[in-house]
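Protein chains in written order, with this note's numbering: chain A, 1 to 158; chain B, 1 to 421; chain C, 1 to 605.
Any given hint might turn out to be false.
[To be verified] One side of the interface only, derived from the structure: several residues of chain B facing chain C at Cβ under 7 Å:
| no. | residue |
| --- | --- |
| 1 | 193 |
| 2 | 322 |
| 3 | 325 |
| 4 | 339 |
| 5 | 357 |
| 6 | 391 |
[Said to hold, decoys possible] No more than 20 Å apart at the CA atoms, straight line, and that leaves these computed lysine to aspartate or glutamate pairs for DMTMM-like:
| no. | chain 1 | residue 1 | chain 2 | residue 2 |
| --- | --- | --- | --- | --- |
| 7 | C | 595 | C | 289 |
| 8 | A | 29 | B | 19 |
| 9 | B | 260 | B | 2 |
| 10 | B | 183 | A | 26 |
| 11 | B | 323 | B | 303 |
| 12 | C | 58 | C | 99 |
| 13 | C | 345 | C | 187 |
| 14 | C | 345 | C | 160 |
| 15 | C | 129 | B | 360 |
| 16 | B | 380 | C | 160 |
| 17 | B | 190 | C | 15 |
| 18 | C | 595 | C | 160 |
| 19 | C | 128 | B | 19 |
| 20 | B | 30 | B | 19 |
| 21 | B | 183 | C | 289 |
| 22 | A | 29 | B | 160 |
| 23 | B | 183 | A | 65 |
I should point out that these hints are in silico values taken from the structure, not numbers from a laboratory.
Keep in mind it's a predicted model, so treat the numbers as computed, not measured.
Every residue, glycine too, gets a C-beta built ideally from N, C-alpha and C.
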Amino acid sequence: MIPETMRQELQDRISSAITNREAAVDVMKALQTHYGWLTDEAVVEAAGLLGLSPLQVEELATFYEMIYRRPVGRYVIHVCDSISCWSMGGESLLRQIAGLLKVTVGATTPDGLFTLLPCCCLGNCGQAPAMMIGNSIYGGVTSLEKATDILHQHRRNT
Amino acid sequence: MEQILFQHNKPGRCVTFAEYQTEGGFTALKKALAAMTPDEVQQVVIDSGLRGRGGAGFPTGKKWSFVPRNLPGPRWLICNCDEMEPGTYKDRILLEANPYSLIEGITLACYAIGVRHAFIFIRRGYEQAAANLQRAISEAAAAGLLGENILGSGFDCAIDVHVSAGRYICGEETALMNALEGKRANPRAKPPFPAIKGLWGGPTVVNNVESLANIPYIIANGPAWFKATAATPEAAGMKLFCISGHVTHPACFELPLGMKLGDIIGGPCGGMRPGSSFKACLPGGASTPYFTADHWNIPMDFDPVAKAGSRLGTGGIVVFDHKTCMVAATLNLVRFYARESCGWCTPCREGLPFVVNLLETIESGQGSDEHIEILREHIKYLNYAFCALAPGAMGPVDGLLRHFEDEIREHNRNGKCPCRS
Amino acid sequence: MPKLIIDDITVEVAEGTTLLEAAQSVDIPIPHFCWHPALGRAGACRVCAVKLLDGPVKGIQMSCMLPAQEGMVVSTTDPEAVAMRRHVIEWLMINHPHDCPVCDEGGECQLQDYTIAGGHGIRRYSGKKRTHVNQYLGPYIEHEMNRCIQCYRCVRYYQEYAGGTDFGVMGSAGRVYFGRFQEGQLESPFSGNLVDICPTGVFTDKTARFRARYWDYDMAPSVCPGCSLGCNTTPVARYRELLKTVARRNDAVNGWFICDRGRFANSAVNAPLRPRHAVVDSRESCVEDALDTLLLRIHALGELHGPGSIAVVGSSRMAQEAAELLPQLALRIAAGALCYRTTRKESTETSSFVELVHTGSSASQQDVRKSDCIVVYGCDPLNEAPMMAMAIRQAWRSGATVYVIEHKITLPCEFTLRATLDDVPLAEAERPVIICNLSAETDQLDKLLEGHSRLKIAPLFPAANSFGTALLMREHGAISLEEALADGEIKGIISIEADIPAALLGKIPFVAALDWQATATVQAAQIVIPTTAWVEMNGSYINYEGRAQHFSKVMNPGVPVKGLDPAGHPPHIHRSTATGGEALPARQLLARLIKLLDDGNRGLS
Numbered sequence: 001m002i003p004e005t006m007r008q009e010l011q012d013r014i015s016s017a018i019t020n021r022e023a024a025v026d027v028m029k030a031l032q033t034h035y036g037w038l039t040d041e042a043v044v045e046a047a048g049l050l051g052l053s054p055l056q057v058e059e060l061a062t063f064y065e066m067i068y069r070r071p072v073g074r075y076v077i078h079v080c081d082s083i084s085c086w087s088m089g090g091e092s093l094l095r096q097i098a099g100l101l102k103v104t105v106g107a108t109t110p111d112g113l114f115t116l117l118p119c120c121c122l123g124n125c126g127q128a129p130a131m132m133i134g135n136s137i138y139g140g141v142t143s144l145e146k147a148t149d150i151l152h153q154h155r156r157n158t
Numbered sequence: 001m002e003q004i005l006f007q008h009n010k011p012g013r014c015v016t017f018a019e020y021q022t023e024g025g026f027t028a029l030k031k032a033l034a035a036m037t038p039d040e041v042q043q044v045v046i047d048s049g050l051r052g053r054g055g056a057g058f059p060t061g062k063k064w065s066f067v068p069r070n071l072p073g074p075r076w077l078i079c080n081c082d083e084m085e086p087g088t089y090k091d092r093i094l095l096e097a098n099p100y101s102l103i104e105g106i107t108l109a110c111y112a113i114g115v116r117h118a119f120i121f122i123r124r125g126y127e128q129a130a131a132n133l134q135r136a137i138s139e140a141a142a143a144g145l146l147g148e149n150i151l152g153s154g155f156d157c158a159i160d161v162h163v164s165a166g167r168y169i170c171g172e173e174t175a176l177m178n179a180l181e182g183k184r185a186n187p188r189a190k191p192p193f194p195a196i197k198g199l200w201g202g203p204t205v206v207n208n209v210e211s212l213a214n215i216p217y218i219i220a221n222g223p224a225w226f227k228a229t230a231a232t233p234e235a236a237g238m239k240l241f242c243i244s245g246h247v248t249h250p251a252c253f254e255l256p257l258g259m260k261l262g263d264i265i266g267g268p269c270g271g272m273r274p275g276s277s278f279k280a281c282l283p284g285g286a287s288t289p290y291f292t293a294d295h296w297n298i299p300m301d302f303d304p305v306a307k308a309g310s311r312l313g314t315g316g317i318v319v320f321d322h323k324t325c326m327v328a329a330t331l332n333l334v335r336f337y338a339r340e341s342c343g344w345c346t347p348c349r350e351g352l353p354f355v356v357n358l359l360e361t362i363e364s365g366q367g368s369d370e371h372i373e374i375l376r377e378h379i380k381y382l383n384y385a386f387c388a389l390a391p392g393a394m395g396p397v398d399g400l401l402r403h404f405e406d407e408i409r410e411h412n413r414n415g416k417c418p419c420r421s
Numbered sequence: 001m002p003k004l005i006i007d008d009i010t011v012e013v014a015e016g017t018t019l020l021e022a023a024q025s026v027d028i029p030i031p032h033f034c035w036h037p038a039l040g041r042a043g044a045c046r047v048c049a050v051k052l053l054d055g056p057v058k059g060i061q062m063s064c065m066l067p068a069q070e071g072m073v074v075s076t077t078d079p080e081a082v083a084m085r086r087h088v089i090e091w092l093m094i095n096h097p098h099d100c101p102v103c104d105e106g107g108e109c110q111l112q113d114y115t116i117a118g119g120h121g122i123r124r125y126s127g128k129k130r131t132h133v134n135q136y137l138g139p140y141i142e143h144e145m146n147r148c149i150q151c152y153r154c155v156r157y158y159q160e161y162a163g164g165t166d167f168g169v170m171g172s173a174g175r176v177y178f179g180r181f182q183e184g185q186l187e188s189p190f191s192g193n194l195v196d197i198c199p200t201g202v203f204t205d206k207t208a209r210f211r212a213r214y215w216d217y218d219m220a221p222s223v224c225p226g227c228s229l230g231c232n233t234t235p236v237a238r239y240r241e242l243l244k245t246v247a248r249r250n251d252a253v254n255g256w257f258i259c260d261r262g263r264f265a266n267s268a269v270n271a272p273l274r275p276r277h278a279v280v281d282s283r284e285s286c287v288e289d290a291l292d293t294l295l296l297r298i299h300a301l302g303e304l305h306g307p308g309s310i311a312v313v314g315s316s317r318m319a320q321e322a323a324e325l326l327p328q329l330a331l332r333i334a335a336g337a338l339c340y341r342t343t344r345k346e347s348t349e350t351s352s353f354v355e356l357v358h359t360g361s362s363a364s365q366q367d368v369r370k371s372d373c374i375v376v377y378g379c380d381p382l383n384e385a386p387m388m389a390m391a392i393r394q395a396w397r398s399g400a401t402v403y404v405i406e407h408k409i410t411l412p413c414e415f416t417l418r419a420t421l422d423d424v425p426l427a428e429a430e431r432p433v434i435i436c437n438l439s440a441e442t443d444q445l446d447k448l449l450e451g452h453s454r455l456k457i458a459p460l461f462p463a464a465n466s467f468g469t470a471l472l473m474r475e476h477g478a479i480s481l482e483e484a485l486a487d488g489e490i491k492g493i494i495s496i497e498a499d500i501p502a503a504l505l506g507k508i509p510f511v512a513a514l515d516w517q518a519t520a521t522v523q524a525a526q527i528v529i530p531t532t533a534w535v536e537m538n539g540s541y542i543n544y545e546g547r548a549q550h551f552s553k554v555m556n557p558g559v560p561v562k563g564l565d566p567a568g569h570p571p572h573i574h575r576s577t578a579t580g581g582e583a584l585p586a587r588q589l590l591a592r593l594i595k596l597l598d599d600g601n602r603g604l605s
């Protein structure tokens, strides 16, 4: 269950939209932020708010890369695997981070802190290879030290 | 070198509303609202020769002119900031430095087309840019430059920012409209074209960030001035080129349209990284056929690049050095497109994974001449997909076969990638 | 009217006709998966590629997307077009299983046909096939997602056409998945059409899976007996078992679809308790003996109670051909009453509505779909005649306003509530339709029809042949059984496919029942003669709008092979009819009875 204040905010967002559906992505993102991922419960709640069926929300949720329909860690590490980062060693960055976290790509660390996912171009091609954790983008992650530092920062913040 | 969009840039931070205004910002809007009719604004943009900066290069003013003048019901302007083409990051650089030109440009475009409500559709991962835009919108509204009765002209205009949840296909203008409406972002059939029937069924114009951000300067300084900023008489205006890959200084530069490829790489980019030499590049983002050293002197403008067998696209130049395996690079590109297919039509949804499979086979040294022929068939028949995604995906494959067939055959002959030690 | 050339044939078609339809109009088939006449264009599958050689558009184009234009020269056989279509099949077969022999769709699968036709036989793709987990979608529809070719027909039908919200498309790229949010029975009362529109075997009729191949089917054009709409169907049988029912296209009536109630209604025909042989005084008999006994009993009753002590009772589920014979039988035996209805209420209602509709003002389902203003008045289409609700939705999708007169119902579309009929702006509408049932005031409707020349009316009758039998009631002055029994003169009835309430049955000393269902009347009858179900005979129903529709014999009557004692099959006694196959159409039994009466001059008149 989402808090009443959040429900009110989302209802306001929906009523300010041209159609309910227009607010669907915003509502899904807000619920994802609240729960950590878009849980089944969240899909049903989003549907209730938007006046859609859970299936209709699911149709949208499963379309987007950044809506998680499975549990993820507190931080989702998106490592860009598109061409510019690839040319600058993006593949080894992904491998290295997997090694640092001791998880396979797509998995979550046992402490529930990190989920490692490849992703498409982050628009940070000039500072390749790049990765995104939460809303923060990190560019030029060319060394193991730099990757380790970034992960440490997040560990410290918890 | 003269800068247009980057003229307000401040080192390490975003320009402020006050600075932008002091430096001449919003004078174009004031000028247009005070002394120009919407048709006059549109005509200036047509005369400027501004071509869409999002990839297709369609003349911006002409696009506006397709919107029927006297149709009842709401009409819409969408600023396409779903910058997800690999190798492209110009809109982010622009908006992180200065969101105001875009806001002013959108308002001018709305005035010209008779739109009262515009959307900026911005990709996930551009949260800083989105925040800048939100702030700029509030500031402009508070200053009476946005909202109702702008500057007492009677013209109303609102701008909403829609942050996507991440899918490359949302950048396709009709898919974008579906995404904005909260539907699955499958592209729509054309016709009807958006200018007639677009967002929520109303006439809609979709313009790229860079195109719209140029509008204030065109209105303020006139079409002749804009045209003259280009490097060749045929080109019009400046272009944000964003360079990535194996150059010394990969960054986003505002350069005259029509500047030669070699001058861009050798000039602001500082040449190739030490110890490496130029092998090829994607001249305009991930969907454009490769350029090689043979194209060093091609003016980077829409028509010359097209004539040379590629596309100017977004101006995202991805440079590869001599150690790059072009089969592997192409495989990376097609994998991206196969994953980003919306799943609507067969060629894209099933054909691209087939191409991935073929390239994997070749790259791993298991390929044969037969695979080359199947690739060739796919270059042809993936053209008949529903939207431009699959044909775009085959751009690099086309370039690979045209310029690097020998390299493919070397893979096949040696049973391994020749670029791997 | 653009004129164009397709494969050297000059074609002239209406503005807006697609190339695919234009080609179809001259019998040039173009392969297609995603395009469907009821769902329109999608452009998703890309298999309908043709090449335009000359004219305003050139090159490879999708024939489902492109409207025919003057001067087009189209080739469906151009090598490039053929190659494109072959590639599409190859792409689709990358992930589609190669196991047609174990697929229930095998033999009636569009993908199978086009794969063979396109000549795709060698697999060039070396990767693995994509697989999915199926969902449980309820007792009626089986889900096999691995067979999906992503033509999007199902979701376009389910959500857009039928208005369902619990089934759709999820995921993207090669992972798109058509299903529900969670497993469970599909909610739409029209879900069965998924089986019909899926061009492969993703959705199959669970009630009939692996029971027969297409080429073994007993099928014939038929009409659904489920309500008074008369939707067109094709029942499918094998080994004397009604396996399934699929929708049959009729643009004026049901279009392409039928409702689940009409589709999943095999059980009555296959019911083990169906009367399969004649019964006289609880003893198994044969039809001839039973008819003879019936004549003797009629005679005896006449002797005992005087003329007019017998009533002939039909019903609104009888085929028109049998219903037409009842007055003749009644005449021969000097029946005290001829009835087509059991209660007085039913009787009066139906007759008054037949008058109303007889004025030529009835709205077909097509009229409803094309209407711009629909008034649902005192009825519940979704429950009384589901496909009418579907027709209302199609009108609404095209922009019609739907009004519901103060009544608690749901419809698969948006509607506006109004207190009375007078609150509906009928005069402003171009093609208004009032949908009601027999509870409506005919006087009021009559006045409205007089006042609005463009107004049409769709009264939902209770049963398949309510209308036809009501015509006969009017012509022959039939009364209800309730009225016939009122003065106590009736001592016996001949009931033909009538459902008589227990309260009335108890008042009748002698009952002879001709029926194919094990009704209470059959249970109470001293003489039972089995009739055939609609799928076992030729006949006609007259639907709510007065449209007579013929249905053809699909299968022979008899106990399904599946229901026979395995020890007794194949039968050891050789006879001309199958086990339990003595049933005859009611019209034949009645004709025989009448002939016997005439021949033996044993009539009571």
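The hints, checked one at a time:
Using the Cβ-Cβ criterion of 7 Å, the hint placing residue 193 of chain B at the interface with chain C is not satisfied: the shortest such distance is roughly 14 Å. For residue 322 of chain B, the suggested interface contact is broken, since its CB lies about 31 Å from the closest CB of chain C, more than 7 Å. With 7 Å as the threshold, the beta carbon of residue 325 of chain B stays out of range of chain C, its nearest partner Cβ sitting at about 20 Å, so the hint is violated. The criterion of a C-beta within 7 Å of any C-beta in chain C is met by residue 339 of chain B, whose closest approach is roughly 6 Å, and the hint holds.
Evaluation of the residue 357 of chain B hint against chain C yields a held restraint, the C-beta minimum of about 5 Å falling below 7 Å. Violation of the interface hint for residue 391 of chain B is found here, the shortest Cβ-Cβ separation to chain C being roughly 12 Å, above the 7 Å cut-off. Restraint check for residue 595 of chain C and residue 289 of chain C: satisfied, since their Cα atoms lie roughly 15 Å apart, inside the 20 Å limit. Restraint check for residue 29 of chain A and residue 19 of chain B: the C-alpha separation of about 34 Å exceeds 20 Å, so the hint is violated.
Note on residue 260 of chain B and residue 2 of chain B: the hinted pairing holds, with a Cα-Cα distance of about 17 Å set against a maximum of 20 Å. Between residue 183 of chain B and residue 26 of chain A the alpha-carbon distance is near 13 Å, which keeps this suggested pair within the 20 Å criterion. Restraint check for residue 323 of chain B and residue 303 of chain B: the C-alpha separation of about 30 Å exceeds 20 Å, so the hint is violated. Pair hint residue 58 of chain C plus residue 99 of chain C does not hold up; C-alpha atoms about 39 Å apart against a cutoff of 20 Å.
Restraint check for residue 345 of chain C and residue 187 of chain C: not satisfied, since their Cα atoms lie roughly 34 Å apart, outside the 20 Å limit. Taken as a hint, the residue 345 of chain C and residue 160 of chain C pair is broken in the structure, with Cα atoms around 40 Å apart against an allowance of 20 Å. With a CA separation close to 16 Å, the supplied pair residue 129 of chain C and residue 360 of chain B stays within the 20 Å bound. The straight-line distance between the Cα atoms of residue 380 of chain B and residue 160 of chain C is roughly 34 Å, outside the 20 Å bound, and the hint therefore fails.
At most 20 Å may separate the alpha-carbon atoms for a hinted pair to count; residue 190 of chain B and residue 15 of chain C meet this at roughly 18 Å. Pair hint residue 595 of chain C plus residue 160 of chain C does not hold up; C-alpha atoms about 55 Å apart against a cutoff of 20 Å. Of the pairs offered as hints, the one joining residue 128 of chain C and residue 19 of chain B is violated, with about 59 Å between alpha carbons and a cut-off of 20 Å exceeded. A hinted pair counts as satisfied when its Cα atoms are at most 20 Å apart, and residue 30 of chain B with residue 19 of chain B qualifies at roughly 17 Å.
A threshold of 20 Å between alpha carbons decides the hint, and for residue 183 of chain B with residue 289 of chain C the separation of about 69 Å lies outside it, so the pair is violated. In summary, the hint linking residue 29 of chain A to residue 160 of chain B is supported, as the alpha carbons are separated by about 17 Å, within the 20 Å threshold. Simply put, residue 183 of chain B and residue 65 of chain A have alpha-carbon atoms about 15 Å apart, close enough for the 20 Å limit, and the pair holds.
Going through the hint list in order, the structure does not satisfy hints 1, 2, 3, 6, 8, 11, 12, 13, 14, 16, 18, 19, 21.
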